[in-house]
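J.: Below, each chain spelled out in residue letters.
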Amino acid sequence: MINDIRVGALIAYCSVKRGNKKTLIFIVFVLSLIFMNLVFLPSMIGGLLGLFTGFMQDYPYGDIVIEPTGDNTYINNADNVLKKVRAVEGVRAATKRLDVGASINHKQKVVGVTITGMLPTEEYEISRYPYIISEGDFLSDLSRDEIIIGAMIAGAGFGSEIYDNLGEVRPGAFVDVTYSNGVKRTYKVKGIMEGTFEVVDLNALVHYKEIEDVYGLEGKEATSVVVRVKEQGTEAQIQDKIREAGVNEQIFTWADKSESLIRQAMQSMGAIDTMSKIVSLIVGAALVLIIIYINVLNRKKEIGILKAVGITPRSIVLSYAFLSTFYVSLGISAGLVLYLSLMLYFQANPVTFYETMEVRPVIDPVLLVQSVVTMLTLSVVAGILPAWSVSRESILKAIWGR
Amino acid sequence: MIKVKDLKRCYGTGDTAVRALKGVSFEINKGEFVAIMGASGSGKTTLLRILALLDDATGGEYTIRGLKVSSLPEAERSYYRLTQVGYIFQDYALINEMSAAENVYLLSLMEGKSKKESYRTALEALEKVGLKGKHDRVPDELSGGEKQRVAIARAIAKKPDILFADEPCANLDTANSKQVLDVFKDLNEKYGQTIVMVTHEPWHIEYVDRVITFKDGSLLSDEKKVKEPGSVKD
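So the sequences go chain by chain: W and R. Start counting the first sequence at 1; every next residue gets the next number (this note's numbering). Start counting the second sequence at 1; every next residue gets the next number (this note's numbering).
You may find that some hints are simply not true.
Simulated DEER-style distance windows between Cβ atoms [what the hints assert, rightly or not]:
#, chain 1, residue 1, chain 2, residue 2, range
1, R, D186, W, V16, 33 to 39 Å
2, R, R65, W, W400, 27 to 33 Å
3, R, W203, W, W400, 23 to 29 Å
Lysine-lysine pairs mimicking DSSO-like chemistry, simulated, CA-CA at most 30 Å apart [said to hold, decoys possible]:
#, chain 1, residue 1, chain 2, residue 2
4, W, K397, R, K215
5, R, K8, W, K301
6, R, K178, W, K301
7, R, K68, W, K301
8, R, K22, W, K397
9, W, K301, R, K113
10, R, K132, W, K397
11, R, K134, W, K300
12, R, K134, W, K17
13, W, K17, R, K115
Short derived list, chain W residues pointing at chain R, Cβ under 8 Å [said to hold, decoys possible]:
#, residue
14, L10
15, C14
16, S15
17, G310
18, I395
Bear in mind the hints are in silico, worked out from the structure with no lab data behind them. Heads up, the beta-carbon is just placed ideally off N, CA and C, and yes, glycines get one too.
Assemble the whole structure, with the sequences as input and the hints as a guide.
T.: Structure follows, in structure tokens:
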């Protein structure tokens, strides 16, 4: 077997060393494109997924979100829940929120929204709401008659032309809000928030106490308790610790929430991704097979001669396995260089969706390893099959065609 | 050394069957330089291919040094071709992407010799056929005669029991043909190499000890020559 390997390696080495260099470059170039096709789309999908999940963490759900059980509208003892949560090791910050439905009216224009009542000071540690005020200021602890409006409904940001909006509302303007229980309030617009995410830019924010007053709550209720952890990746452990601390409400990690929210979109993208991978692999396998098969056919006589002088069929098959592995290794290397160059380009120039959402592709090492292994395995099989077939032919047929 | 008894080879079946060999018998002794002659289609190349284990007989038997090689399984036939038999093709049959030395030492590597030893053996064989200093040239950089001498070096490097040559000068001019035949003659005279050469050139007879002539798949004549010393090289 060692002799077979040595001879197979020598035949392959000579074939590469003195073979047609233009053909080699062409083969490697095409294989590099196949490899890139295999890894690029999943990287973009990964980037898109990361963007969505990042939004989910930064705005509605934090790292962990606690919601009422069953049909309950509120967590009835939110302060007690907060106290227990804050005592859990690994929790960085937590706050309570009240989400309600309402309509906002400004100069005969009406828009339906979700208004979130929040404790402004605590939000600095929890979310990015305080940091995305594009005009005016964020709420303060004294903001009892003030409101923050999302850019899309304010008519100031991208998406205003798609969704109903209030028509160029600016900080300082007054809007009338009618809550789902019929209570009406007039608020001064304190700021416009622009998070480049519909869930944010189609909403409005007021002080927690404002919702309490409107709905006649007693200072203990919340529709959600949002938690941030000290260390990313520990969410599931802390979820368990919160349960162990005696919190009996529903506890979700951001991943649970994101999954259910964008599962359908990701499944569709995943299907596209899988189809693209399968097509790339089939095309790649066919190409390697064709390359090696043409190579084998062109050198059928040579294979016959090698057999005639005593070289074993196994050596001949191994030489083609080495050859195709070499082609594919070079193709993968060139593909990696192309891929990483594209990654650098897209990091600096992200793909923009809806003019506001910037998607940067994500390099997934597991995906890269999987793709490399898949292509190498394929190349060995694609290289071996035609060589094995020809090496089994009789010497006379291989050399003289009869 | 070689005993051939009632050897037959038939291609195809039924009415279209071609009987290339119709039951030939002869013996070749160690150290002989034998020419097999005959017109095209007389069966001489078929015989050579069967003896060199490149093809199978459909009847009869043959032995080399007492071993009934015709009945060996394929793996052993491959090993036999590698170690005991040297075969020289009409069209050189070199691997174009390998240098002269690589074409030769490939077989030593296959035999299990070290790279260094294989390379040394290859250089010796190339020197023996007059190609010293041309070991790193690829076939495209060599003349027809030189290519054929590389093919001879490849065949003799493993020191085979028998050297089979199938019209080795068919693609060469007279000068190159003489160079090749001189190499054969030297190998036969200096090293006692047994050589069986198929040829249709009457002047090649000058170089050999014995001439076996075929006609229509049968042995027509078998003549041993009485050589005069120095008769070949004038």
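J.: All hints, please: hold or fail.
T.: A quick look at each hint next to the structure:
no., hint, verdict
1, R:D186 to W:V16: 33 to 39 Å, "holds, 37 Å"
2, R:R65 to W:W400: 27 to 33 Å, "holds, 28 Å"
3, R:W203 to W:W400: 23 to 29 Å, "holds, 27 Å"
4, W:K397 to R:K215, "holds, 25 Å"
5, R:K8 to W:K301, "holds, 26 Å"
6, R:K178 to W:K301, "holds, 28 Å"
7, R:K68 to W:K301, "holds, 28 Å"
8, R:K22 to W:K397, "holds, 22 Å"
9, W:K301 to R:K113, "holds, 26 Å"
10, R:K132 to W:K397, "violated, 35 Å"
11, R:K134 to W:K300, "holds, 27 Å"
12, R:K134 to W:K17, "holds, 19 Å"
13, W:K17 to R:K115, "holds, 18 Å"
14, L10, "holds, 6 Å"
15, C14, "holds, 5 Å"
16, S15, "holds, 5 Å"
17, G310, "holds, 3 Å"
18, I395, "holds, 5 Å"
This entry does not satisfy hint 10, going by the numbered hints stated previously; all others are met.
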